[in-house]
Amino acid sequence: MFVIGEGSIQHLFSRHQYSAHASFSFQVPSPARSKLTQCLIFFSPLDRQHSIIMSTVSATALKEKFTELSLISLLCSCMHNNKVKDEVIKYGDMQVKQLDKSGKAFEVVIKPPSKDPSEVKLSSPPRSPTCLDAKTIQEKLEKAEERRKSMEAETLKKLAKEREHQTEVLSKAAEVEAAFAKKAQEELKKKQELYEQNQQAQRQAKIERLKEMDQHAEVVRQNKMIMTNSPKA
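All you need for the working numbering is the position in the sequence shown, starting with 1, plus 36.
The hints are simulated quantities; they were obtained by calculation from the structure and are not laboratory data.
One or more hints might be untrue.
[As the list claims (entries may be wrong)] Listed next, the in silico DSS-like pairs over lysine-lysine satisfying Cα-Cα at most 25 Å (straight line): (1) K197 - K208; (2) K179 - K193; (3) K179 - K194; (4) K185 - K171; (5) K185 - K197; (6) K194 - K208; (7) K208 - K218; (8) K219 - K208; (9) K247 - K260; (10) K242 - K227; (11) K193 - K208.
Quantities reported herein were computed from a predicted structural model and do not represent experimental measurements.
Take the sequences, apply the hints, and build the full model.
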């Protein structure tokens with residue numbers, strides 16, 4: 037990226053303007069040797085002629101050092117003492133003012149103020165008259181009374197609807213309860229009738245068995261009497 041010789045770091049310092057000569061010294065560790073080598077950089081802001089005076093610096097060390105030239109640029113910008121004049125660029129209704137030479141801080145004025153804020157007077161909304169005559173007061177009272185009566189009528193209507201709804205609910209509950217009681221009574225009556233029928237059938241069956249037993253006993257007695265009255269052979 038950089039070529040050693042005159043104008044080798046012009047790309048780095050081309051965006052800055054300097055009014056005096058400056059020199060920087062830094063030490064570069066040489067990978068091929070154990071000793072340190074020193075490199076001095078001199079630059080001129082007027083004719084932008086740069087030269088590098090080096091003493092026993094290897095190519096690898098120079099390659100590593102040129103990667104750190106951004107730090108040198110930062111040091112150069114710190115030593116730049118000239119004040120930059122404020123420049124205002126107009127673009128349509130906007131004005132752009134550069135705050136520092138780095139090109140990172142700007143002041144943008146979109147549009148100049150049209151009027152002094154102190155001169156602007158806010159108009160207050162119109163106020164209602166404070167003094168009222170007797171007729172106006174009477175009209176307001178009548179309207180308030182009408183609103184009160186209307187609200188009372190709406191409240192009574194709402195209460196009547198609620199009571200009607202409650203009556204309907206209670207009547208439906210009474211109907212359901214009556215139907216349930218009637219159904220339960222019918223089922224109980226059916227069970228009682230069935231129970232009575234079963235009891236009657238059981239009693240009738242017992243009577244029939246007793247009659248059969250009496251008839252059988254009568255037959256046995258008659259047979260005994262016949263056997264007793266018959267002559268012995």
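Hint check results:
1. For the hint pairing K197 with K208, the CA-to-CA distance comes to about 16 Å; that is within 25 Å, so the pair holds.
2. For the suggested pair K179 and K193, the alpha carbons sit about 21 Å apart, so the restraint of at most 25 Å is met.
3. Straight-line distance between C-alpha atoms of K179 and K194 comes to about 22 Å, which keeps the hinted pair within the 25 Å bound.
4. With a C-alpha separation of about 21 Å, the suggested pair K185 and K171 falls inside the 25 Å cut-off, and the hint holds.
5. Under the criterion of a C-alpha separation no larger than 25 Å, the hint pairing K185 with K197 is consistent with the structure, at around 18 Å.
6. For the given pair, K194 sits about 21 Å from K208 by alpha-carbon distance, which is consistent with the 25 Å threshold.
7. As the CA atoms of K208 and K218 are separated by approximately 15 Å, the hinted pair is consistent with the 25 Å bound.
8. About 16 Å separates the Cα atoms of K219 and K208, which keeps this hinted pair within 25 Å; it holds.
9. About 20 Å separates the Cα atoms of K247 and K260, which keeps this hinted pair within 25 Å; it holds.
10. In summary, the hint linking K242 to K227 is supported, as the alpha carbons are separated by about 23 Å, within the 25 Å threshold.
11. Taking the CA atoms of K193 and K208, the gap is near 22 Å; set against the 25 Å cutoff, the hint holds.
The structure shown violates none of the earlier numbered hints.
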